[in-house]
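Peer 1: Each chain is listed here by its residues.
2 protein chains.
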Amino acid sequence: MKKYYIKNAVKNIGQLVTLKGWVHEIRETSNFLFIILRDSTGKIQLTLKKSESTSNLVDIAKTLHHEDVIEVEGVISKSNIARLGIEMIPYKLNIINRAKHPLMLDVTGKINAELSTILDARFLSLRRDDYYSIFKIQSELVKIIRDYLYQQGFTEIFSPKIIKFATEGGAELFKVQYFDTEAYLAQSPQLYKEMCAGVFEKVFEIGQYYRAEKSHTPYHLSEFLSFDVECAFYTYNDVMDFLESLLKDVISNLYSVSNEYFNKLGVDKINLDYKFERIKYDEIILMLNNYGLKWGDDLTSQYLKIVEEKIGKKFFFIIDWPTQLKPFYTYEHENNNQITKSFDLNYGSLEIASGGERIYKSEDLINKLKKIGLKLENFSIFIKALESGSPPHAGFGLGLSRLLMILTGRKNIKEVVLFPRDVERLIP
Amino acid sequence: MKKYYIKNAVKNIGQLVTLKGWVHEIRETSNFLFIILRDSTGKIQLTLKKSESTSNLVDIAKTLHHEDVIEVEGVISKSNIARLGIEMIPYKLNIINRAKHPLMLDVTGKINAELSTILDARFLSLRRDDYYSIFKIQSELVKIIRDYLYQQGFTEIFSPKIIKFATEGGAELFKVQYFDTEAYLAQSPQLYKEMCAGVFEKVFEIGQYYRAEKSHTPYHLSEFLSFDVECAFYTYNDVMDFLESLLKDVISNLYSVSNEYFNKLGVDKINLDYKFERIKYDEIILMLNNYGLKWGDDLTSQYLKIVEEKIGKKFFFIIDWPTQLKPFYTYEHENNNQITKSFDLNYGSLEIASGGERIYKSEDLINKLKKIGLKLENFSIFIKALESGSPPHAGFGLGLSRLLMILTGRKNIKEVVLFPRDVERLIP
Chain E
731 MKKYYIKNAV
741 KNIGQLVTLK
751 GWVHEIRETS
761 NFLFIILRDS
771 TGKIQLTLKK
781 SESTSNLVDI
791 AKTLHHEDVI
801 EVEGVISKSN
811 IARLGIEMIP
821 YKLNIINRAK
831 HPLMLDVTGK
841 INAELSTILD
851 ARFLSLRRDD
861 YYSIFKIQSE
871 LVKIIRDYLY
881 QQGFTEIFSP
891 KIIKFATEGG
901 AELFKVQYFD
911 TEAYLAQSPQ
921 LYKEMCAGVF
931 EKVFEIGQYY
941 RAEKSHTPYH
951 LSEFLSFDVE
961 CAFYTYNDVM
971 DFLESLLKDV
981 ISNLYSVSNE
991 YFNKLGVDKI
1001 NLDYKFERIK
1011 YDEIILMLNN
1021 YGLKWGDDLT
1031 SQYLKIVEEK
1041 IGKKFFFIID
1051 WPTQLKPFYT
1061 YEHENNNQIT
1071 KSFDLNYGSL
1081 EIASGGERIY
1091 KSEDLINKLK
1101 KIGLKLENFS
1111 IFIKALESGS
1121 PPHAGFGLGL
1131 SRLLMILTGR
1141 KNIKEVVLFP
1151 RDVERLIP
Chain D
731 MKKYYIKNAV
741 KNIGQLVTLK
751 GWVHEIRETS
761 NFLFIILRDS
771 TGKIQLTLKK
781 SESTSNLVDI
791 AKTLHHEDVI
801 EVEGVISKSN
811 IARLGIEMIP
821 YKLNIINRAK
831 HPLMLDVTGK
841 INAELSTILD
851 ARFLSLRRDD
861 YYSIFKIQSE
871 LVKIIRDYLY
881 QQGFTEIFSP
891 KIIKFATEGG
901 AELFKVQYFD
911 TEAYLAQSPQ
921 LYKEMCAGVF
931 EKVFEIGQYY
941 RAEKSHTPYH
951 LSEFLSFDVE
961 CAFYTYNDVM
971 DFLESLLKDV
981 ISNLYSVSNE
991 YFNKLGVDKI
1001 NLDYKFERIK
1011 YDEIILMLNN
1021 YGLKWGDDLT
1031 SQYLKIVEEK
1041 IGKKFFFIID
1051 WPTQLKPFYT
1061 YEHENNNQIT
1071 KSFDLNYGSL
1081 EIASGGERIY
1091 KSEDLINKLK
1101 KIGLKLENFS
1111 IFIKALESGS
1121 PPHAGFGLGL
1131 SRLLMILTGR
1141 KNIKEVVLFP
1151 RDVERLIP
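If you read the protein sequences in the order shown, they are chains E and D.
Using our numbering, you'd call the opening residue of the first sequence number 731 and step up by one each time.
Using our numbering, you'd call the opening residue of the second sequence number 731 and step up by one each time.
Isolated chain E, as found in the complex:
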């Protein structure tokens, strides 16, 4: 008989159904054996009365352990004692695949394992309500973001992750042996999304990118999920408007669609009922002038924590960054080439996105590349692209897992990535 999902089965009182899932809990009293059966859609109590059930069924049930995979047939009934008021009285029970004990991790109750065990045993930790909820929220989050973008006429692109040249300079890239030559793993779709914005105008990509940074912070990964947007004829102010609207709309939608999962996590909903402030880098420097920070210094997390104390744990933009702190393709202000038309979006001390206006005139790009000593020949195709009718454009890259961390109230980014990669972790 076809498997019923528990979520649907509990709506069909009196119906004879087949359920398949995992033994979540077992409890025995003198007269009863109770099994909580779990599948991906919910849980249900199986009630076996020792005297009434055929002895064979009870004998099988007594051999069960947590996480055994079983199949049961029976009738869905109302119950006065079962949680949710629903139970199944099975008349048939098959063991499909037994779990081997001890398990690496307890799937029920309060977790007392190290993060490394939680990640090693992802196939088990994901069965816990908390981690299950996080990744259901992730799946909803990307869906809602894409829906928002499609509605606004965006085109989805897939750009290459293996690149010939370390285009952005600066950050450490992973080397790939590409047939008889060397290549790199891309750290962003930057130049590709820019070329596509010169055609489709509004483009986005959600994909994995790579940074070979030996960071040991709770916010960095070697492989990270990036949400990238690029829009022709947008200024950096247009992009900030867009990003703010998107986040407000998406998060409010997510809270409503994934309410059940947020409840399971027991995290507070974050407040979005304010205009995201746009604070100039210069103002941040003034704010921090008692802390030894001088103009041109990067705003490392120690300083951003002070900013968070002053401003609060909320979304705000830091705009108009010094030219030397932003990538080469960022446009400088016409009246001041020391600062750029750029922004970071922060949530308190955590940077979650950065973006800006991009150089779209080939002569400006050539001058900039020469000035900072990057090889023109490595950018020849991109220069050709700017020479072929490139519109002004702006965009951003947003760290989706950082956003998910904030939304799910997690302290370490590895908790919100299925199989994270960092300096120490390459398995599973």
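Same chains, same label: a pair holds when it works inside one copy or across any pair of copies.
Here are the simulated DMTMM-like cross-link-like pairs (lysine to aspartate or glutamate), alpha carbons at most 25 Å apart as the crow flies:
1. K830 x E1064
2. K1114 x D798
3. K792 x E1093
4. K866 x D877
5. K894 x E844
6. K1105 x E1154
7. K1024 x E1013
8. K994 x D859
9. K999 x D859
10. K873 x E974
11. K978 x E1145
12. K732 x E1064
13. K873 x D979
To be clear, the hints were calculated from the coordinates, so they are not data collected in a lab.
Here the structure is a predicted model, which is why all the values come from computation and not from measurement.
Assemble chain D onto chain E, guided by the hints.
Peer 2: Just chain D now, kept in the frame of chain E:
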């Protein structure tokens, strides 16, 4: 003034609007200058009467070339002579960014460039109606696939693309220098999606994967867009049912949503009004017994072309493949360990998907790994996963770009990938 998209502007006769876009065509008569302005949403004729327009405007317009980026302000009017019956009479025209001529590629008219030029000049070839349409269709295709899956309760996952072990054996993988150790680029999310199916039951991923094959066929890439599905408690017949329904529903939907782009491509819609046949590998061997093929041989494209001649250019499954032709994780038939519960989905001679039932009992996996000489320790986490209550499961991987090739009637897969990667191509 805020940019109007041409598609919206043409609906607003009498409205004063600002348009921004590209000079697509220029035509001059003794009394008029006609410019076809293009943006990502459509085209419109700008009509400049030489005697009426302020001379300055005509002077500027006379300096324009193909693909220059311009901004015009004017009123949208009905026209008896313009294509689509709509024109704009501009009173203001600014040149935003000039294109440098000669261009690498002609954006209008019949294309006479080599594929390599088309790919080198992607930023230009994408502006042509044909390539533009292909990637708008791609964007719609992935949207419609995901919508179908979400409606059926699937969870979207993101699995790692950098892996420690060459898990599937066989295929050549790209090596990555991962900090102080060596790693590989994943060729599929196989073991990861299987672990996730043991939690979320129905999971999918659309992402890029890697094969270091030195193939020079029109169907192979080093980086390919894969659509992967894995479902707990599904048999391989369930998965084939699901895949057939999905394709019929998605393609029919796509034809309706992207009708405009299919029209521009001028390709025939493929017929899906039949049950996809499920032909046993054994039957294919019988079919081909005059062509020197013997049982156990792989069905290479030369043979599949003969099958296509006999069966026709349509979708069909080839099922029950010999054990030695399928990956180690594929389940053998209980009554015959020479053949597996596996399938390929073909469209004529082109394989577009393959899948099957997977080994879900740890002892079966351990025996299989030993038998074929793969190291148990490389699979220790996956064996742990199977020991922790793994459900029976089945799934497939589908080459999205191959499907897009079929739908858009293209002969080379590189035409339907924005920035393809193969033995020779790593730029742009």
